[in-house]
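Trainee: The lines below spell out each chain.
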Amino acid sequence: MDFELSHEQKDVQRAATEFARGEFDPDLVLELDENETFPDSLWKKAAQLGFIGIHYPEEFGGQGLGLFESLLVIEAFCRVDSGVGSALSTVDLGSEVLLKFGSLEQKERFLTPLARGERRLGVAFAESEDGRDLTVLSAMAEKRMDEYSLQGEKRFVLNAPLVNTFLTLCKEPKEGWITLIVEPQRDGIEIHPIKKMGLKMIPFGDLSFKGTCVPLASRIGEEGQGLIHVHHHHHVMALRSAAQGLGTAQGAFDRALQHAKQREQFGRKLSQFQVIRHKLADMAVRIEGARWLTYKSATEFDRGRVQPGSLWMAQLEASRGLISVVDQALQIFGGYGYTAEQAIEHYFRDAWAIGADLGTEEEQKDAIADILLGPDSTRK
Amino acid sequence: MLFELNDEQRAFQKKVREVYEREVSPLVEEYERREAFPVQLFPILGAEHLLCLRCPVKYGGPGLDKISECITVEELNRICVGIGASIMVQGGLATDPLLHFGSEELKRNYLSPAIRGEKVGAFALTEPDAGSDASGIRTTAVREGEGFRINGSKTFITNGTICDFATVAAYTDPTKRGSGINLFVVERNDSGFSVTKKLRKLGNHSSDTAELAFEDCYVPKERMLGDRLGGGLGQLEETLKSGRITYGARSTGVGQAAFEATLSFVKGNRRHGQPLGKSQAIRFILAEMAMMLETMRHMTYRGAWLFDQGLASMKDASVVKLFASESVQAVVQKAMAIQKSAGLRMDNPVQRFLRDGRLSKIPEGTSEIQHLVIAGSLGL
Chain G
5 MDFELSHEQK DVQRAATEFA RGEFDPDLVL ELDENETFPD SLWKKAAQLG
55 FIGIHYPEEF GGQGLGLFES LLVIEAFCRV DSGVGSALST VDLGSEVLLK
105 FGSLEQKERF LTPLARGERR LGVAFAESED GRDLTVLSAM AEKRMDEYSL
155 QGEKRFVLNA PLVNTFLTLC KEPKEGWITL IVEPQRDGIE IHPIKKMGLK
205 MIPFGDLSFK GTCVPLASRI GEEGQGLIHV HHHHHVMALR SAAQGLGTAQ
255 GAFDRALQHA KQREQFGRKL SQFQVIRHKL ADMAVRIEGA RWLTYKSATE
305 FDRGRVQPGS LWMAQLEASR GLISVVDQAL QIFGGYGYTA EQAIEHYFRD
355 AWAIGADLGT EEEQKDAIAD ILLGPDSTRK
Chain U
12 MLFELNDEQR AFQKKVREVY EREVSPLVEE YERREAFPVQ LFPILGAEHL
62 LCLRCPVKYG GPGLDKISEC ITVEELNRIC VGIGASIMVQ GGLATDPLLH
112 FGSEELKRNY LSPAIRGEKV GAFALTEPDA GSDASGIRTT AVREGEGFRI
162 NGSKTFITNG TICDFATVAA YTDPTKRGSG INLFVVERND SGFSVTKKLR
212 KLGNHSSDTA ELAFEDCYVP KERMLGDRLG GGLGQLEETL KSGRITYGAR
262 STGVGQAAFE ATLSFVKGNR RHGQPLGKSQ AIRFILAEMA MMLETMRHMT
312 YRGAWLFDQG LASMKDASVV KLFASESVQA VVQKAMAIQK SAGLRMDNPV
362 QRFLRDGRLS KIPEGTSEIQ HLVIAGSLGL
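Residue numbers (the working numbering), protein chains in the order written: chain G, 5 to 384; chain U, 12 to 391.
Hints listed in this document are in silico derivations from the structure and should not be mistaken for laboratory results. In this text, all values refer to a predicted model and were calculated from it rather than measured experimentally. Using N, Cα and C, we set each Cβ at its ideal position, and we do this for glycine too. Hints should not be assumed to be uniformly reliable.
[Unchecked claim] Straight-line C-alpha distance at most 30 Å; calculated BS3-like pairs for lysine-lysine: (1) U:K209 to U:K26; (2) G:K273 to U:K326; (3) G:K273 to U:K187; (4) G:K369 to G:K283; (5) U:K187 to G:K265; (6) U:K278 to U:K25; (7) G:K111 to G:K214; (8) U:K278 to G:K273; (9) G:K265 to U:K26.
[Stated by the list, open to error] A partial selection of chain G residues facing chain U, derived with a Cβ cut-off under 8 Å: (10) I198; (11) G338; (12) E349; (13) F352; (14) A373; (15) D374.
Construct the entire structure; sequences and hints are all you get.
Mentor: Okay, here's the thing in structure tokens:
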């Protein structure tokens, strides 16, 4: 067992942290959040420096590193700002499905521009607000001579108005569940924007396909494999959102610690009150626990041993820990924390949005219990 | 022992619910979005005798008891916490000290118009460097001729930008920490009084919160509450006690709203093909929410009853505030967690309940201060 990051991993972490500290200007961040604007110029800069798609092979514009290293980048970015960090970590959603199941041609065509910051990729799998519930899926694809025609509704698509390409899941009568690459400038796609409480820099939307046509070469992998792709995507997203949660919790902690060291009441620093010191200790314990669950699970993933149980545990603890840490951080800030002048205010809102589409705590526990008790055990 | 509202109180509850649903509900969405208080409500609620509930009939008030006031607070906060904040300050912190310590002239000039909704009141104690530690305020009122000259700044002031007058705490003798404070009525038009900033907040968007500045602001000596120098914080004792019980009703109201929204969501939705209401985990959560609400409500009305009997200690009031404002966190967080992504949509009130409910652990004594008060009463 080795609980130390490698030199290379530390370099990635340091570079991402330096970039974020240098570029994520606190005033700009509050403005972007208030105006619900995607941080385009920061995205371009991050891509130029190689932070997007760090885990893609070099031939597709990446640096040939693991998903673990990409999580270190997400964590470092969200630590400096939950909103910008999350936005930059959602420009290539679904890329791991392309990496694992896409053809060489699809990878060259779609992955390379992602790493360069020239295009954004999104995912439109879910058909209810609960992305985990696959029983509600009904979008249909009809195969014709040289194209598929799509009908159906997709919900809660991140970056819906901005993405140049997204992956979607449809049922074709003969081929079964298939994943298709869709470019939204095609006719027959309607986007309905969603106003939401958190992650305001990332525009969300519901999508409707009304006879949208895509070429046959848009299918990823084999027929009938669609749900396998979705599961793979969920596994990656469990880790990505755990890293987002981890960085956001750490960022809230950093700010609360700083505030506690500066703010005086009753002639003492807040950091001299036992109750505040213990809050900070509690927060640190939650973060540390979530961090090692996430790192362990990411290491297994990169070694090709995907352990869904450990993925869900990491995601569950990271998201629960995040809610608790952000709440305590806000309390340490008191009235100031409740105002939008402090970053902690949007950390609180963002915390509830991070990983929200990966299902509820009950669903995560159901998945973990299924693994603990065996697939045949019934909870009914 | 009787643990129920009597017939008269029930009829009153029904009446105020009707008034709030008719007059307040239609305004909520617009004013939440505009982050402004609908000032037209003051005269409307004044005409309905729903402002300053406990003010005696001889000043034009409804002359009701604390239990009745809590009924109105619970019902109003069930509809909107932000609007509830402004109305609460009008009948509490801004006018309660006037009622107890103001001269007949002050009552005639400020209290009676406030009861009728013709003048809006604010209360200014908290300062940038003095929140929990109220004795740490730096605002001074220096005797000059037939009045006082006030200098200082205040923050987190509810009704700050819309008030016609504010009840302001300032040191008349800064050498006497804590005891050298007096309360003054400052009018909006007094020269030297200004609103320096309107604050944006996590929640309570439809209440108005601001920073105020007093620069050589001169007030005649008749605007001081009471006729002896010092003892201003002591004059707030009954007001703070009453306010902490009010916070129990405030938390119960928003908790009730979150519970009703959750129950209706659970009854109307399925996950993984199963009605949500059949999930044992979800049923347990609803059971806990119901339990929390029932307990919060009982504690609040017991506190109000004690207050009406003249038996409530500050410890009793702090127990109500601490228990209710902590319990409501569990209620609104569970409400949000059950809906997850669906709850993030701005057109879903559950995210508002979360943001609004979060406030209650901070004002009028943070949860930490309530712990100090309770522990201080235990003879440790």
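Trainee: Work down the list of hints and note, for each, if the structure agrees.
Mentor: So, going through the hints one by one against the coordinates:
1. U:K209 to U:K26: 34 Å, violated
2. G:K273 to U:K326: Given pair G:K273, U:K326 holds - Cα atoms ~26 Å apart, limit 30 Å.
3. G:K273 to U:K187: Distance ~22 Å between G:K273 and U:K187 Cα, so the pair holds.
4. G:K369 to G:K283: 27 Å, holds
5. U:K187 to G:K265: Satisfied, since the Cα-Cα distance of roughly 28 Å is no more than 30 Å.
6. U:K278 to U:K25: 26 Å, holds
7. G:K111 to G:K214: 27 Å, holds
8. U:K278 to G:K273: 49 Å, violated
9. G:K265 to U:K26: 50 Å, violated
10. I198: 6 Å, holds
11. G338: 5 Å, holds
12. E349: Given a least distance of 5 Å, the restraint on G:E349 holds.
13. F352: 6 Å, holds
14. A373: Hint on G:A373: violated, closest Cβ of chain U at ~10 Å, above 8 Å.
15. D374: With a minimum Cβ separation of about 12 Å from chain U (threshold 8 Å), the hint on G:D374 is violated.
Going through the hint list in order, the structure does not satisfy hints 1, 8, 9, 14 and 15.
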